[in-house]
Amino acid sequence: MREITLSQAVNEALAEEMRRDESVFIIGEDVAEAGTPFKVLSGLVEEFGTARVVDTPIAEPGFMGIAVGAAMTGSRPVVDLMFGDFLFLVMDQLCNQAAKTHYMSGGKLNVPLVLRTNLGATRRSAAQHSQSLHALVAHIPGLKVAMPSSALEAKGLMKTAIRDDNPVVIFEDKLMYNDKAEVPEGGDLLIPFGAANVKREGRDITLIGTSSMVQVCEKAAELLAAEGISAEVIDPRTIVPLDEATLVASAKKTSRVVVVDEGHQSYGVTGEIASRINEKAFYHLDAPALRMGAMDVPVPFSPALEDLTVPTPEAVAEQARKLCAGEMIHAA
348 MREITLSQAV NEALAEEMRR DESVFIIGED VAEAGTPFKV LSGLVEEFGT
398 ARVVDTPIAE PGFMGIAVGA AMTGSRPVVD LMFGDFLFLV MDQLCNQAAK
448 THYMSGGKLN VPLVLRTNLG ATRRSAAQHS QSLHALVAHI PGLKVAMPSS
498 ALEAKGLMKT AIRDDNPVVI FEDKLMYNDK AEVPEGGDLL IPFGAANVKR
548 EGRDITLIGT SSMVQVCEKA AELLAAEGIS AEVIDPRTIV PLDEATLVAS
598 AKKTSRVVVV DEGHQSYGVT GEIASRINEK AFYHLDAPAL RMGAMDVPVP
648 FSPALEDLTV PTPEAVAEQA RKLCAGEMIH AA
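For the sequence shown, the working numbering begins at 348 and goes up steadily by one.
Note that these hints are calculated values from the structure, not bench results.
Incorrect hints may have been included.
[What the hints assert, rightly or not] Below, a list of computed lysine to aspartate or glutamate pairs in the EDC-like style, where the Cα atoms sit at most 20 Å apart: (1) Lys-386 - Glu-363; (2) Lys-506 - Glu-359; (3) Lys-627 - Asp-551; (4) Lys-506 - Glu-532; (5) Lys-566 - Glu-661; (6) Lys-455 - Asp-512; (7) Lys-566 - Asp-654; (8) Lys-506 - Glu-363; (9) Lys-669 - Asp-633; (10) Lys-566 - Asp-526; (11) Lys-669 - Glu-569.
None of these values were measured; they are calculated from a predicted model.
Start from the sequences and build out the full structure, keeping to the hints where you can.
Spelled out as structure tokens, the structure:
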């Protein structure tokens, strides 16, 4: 099995789907010759041309609107939003148009559109280019939301998203583009939405992480294992739809849960997942599911401050240690 980076996996998924289906095209800022600022799309314009890898002006509402219209009339656009922070510029097109068209047309129209963007702090990009805004779109009925945690998931979820007849938002962590993982060569790698991945089996506590926080949970599990605590680690892969059954089953097995996400702590994904577990596994829990998100502050530019705002393996392990010891924890 070969190893490729997450960036290569996304590029490969897009190329394969564009070869398979001529209705698939990419649109966004600096997607052609530049290959995006992160170089994820490098080489695609050479193969598919500027008619299918379309550079746009700096006008997010405009090219998002173009993509929605194209999707309604038979194309399958992949919109590249340079930074997840720019979601605020396309919320009307995404949330009022793409998400609602199928419902408001009585099922006569579909919007098979993929919006790929990113999330994640600790890249020293300051408050306007470091946010993790996946909870915003997860709140909107009609949108599906995927959060790959490795190159394998990035490829499989992207291919599934492009073939879906509903609008899908995919968030890739900016710091993970060079991370390598084993990805099968050839074949047709499709990862179904709503199917969580149990990354590590455990008996004492469940650690649920999204995106890069899966790696944080895995490292925390290694720290805990050295102390004799067996942690189960689960990657939901998609938060809409959410594989509630797998998460609840794990909670019932271990009786303790920590949910870790890089979005802000308040009103976020951690709260939603923890709430579902507390409702569905209540009589099996030794303590309420604990949530760990980013601090409720604008992401600082200062490295010393920025690093303090997001969960770390050591912090997750400490909270898990307390839960396993029976200590009561009050989340901020």
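Looking back at the numbered hints, which does the structure fail to meet, lowest number first?
Going through the list in order, the structure violates no hint and respects every one.
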